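Please take these sequences and the hints and turn them into a complete structure.
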Amino acid sequence: MEIILKEDVVNLGYKNDIVTVKSGYGRNYLIPTGKAVIASPAAKKMLAEELKQRAHKLEKIKKDAEAVAESLKGVSLKIATKVSSTGSIYGSVGNIQIADELAKLGHNIDRKIIVVKDQVKEVGQYKAIVKLHKEVSVEIPFEVVAEEA
39 MEIILKEDVV NLGYKNDIVT VKSGYGRNYL IPTGKAVIAS PAAKKMLAEE
89 LKQRAHKLEK IKKDAEAVAE SLKGVSLKIA TKVSSTGSIY GSVGNIQIAD
139 ELAKLGHNID RKIIVVKDQV KEVGQYKAIV KLHKEVSVEI PFEVVAEEA
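Using the numbering used here, read the sequence shown as starting at 39 and increasing by one per residue.
Incorrect hints may have been included.
Each computed BS3-like pair below joins lysine-lysine, with the alpha-carbon atoms no more than 30 Å apart [stated by the list, open to error]: (1) Lys165 x Lys100; (2) Lys120 x Lys98; (3) Lys150 x Lys172; (4) Lys98 x Lys111; (5) Lys172 x Lys155.
Hint data in this document are derived by calculation from the structure and do not stem from the laboratory.
On a predicted model such as this, the values are computed, not experimentally measured, just so you know.
Structural data, given as structure tokens:
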């Protein structure tokens, strides 16, 4: 089933993308929640016209994302967490903790656009990717350290 996304959906696509999904996912989740509409020929024509009119706005959004990416370059984080005697973390470190650390540095980044590829379950060096725009993403290195008592 082809649908047009009305907002960014992680691991699926970005706003105004035409993507193919399974019927159940489209009809039971994406369309009822307002995240997508069925890609009928009329909807495709409307999308093309809207994209033509919004081309300059999309360029501005991309430039804003590039500016945020520039400000995030060179940023590295140190996340302190509770650690067992063997070096394992109680729980794990994810995008929420990274978003909190970025907020402390003055970068208000939505946690939904932060992707941590590896499961962070031990002390060490890791990388997170911040997907600011479909063409702009920044890799942020972070280190997980033991919290001091």
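How the hints compare with the structure:
1. Lys165 x Lys100: Roughly 23 Å between the alpha carbons, so the hint for Lys165 and Lys100 holds.
2. Lys120 x Lys98: violated, 42 Å
3. Lys150 x Lys172: Within the cut-off at roughly 14 Å; holds.
4. Lys98 x Lys111: holds, 20 Å
5. Lys172 x Lys155: holds, 17 Å
When held up to the earlier numbered hints, the structure conflicts with hint 2 and nothing else.
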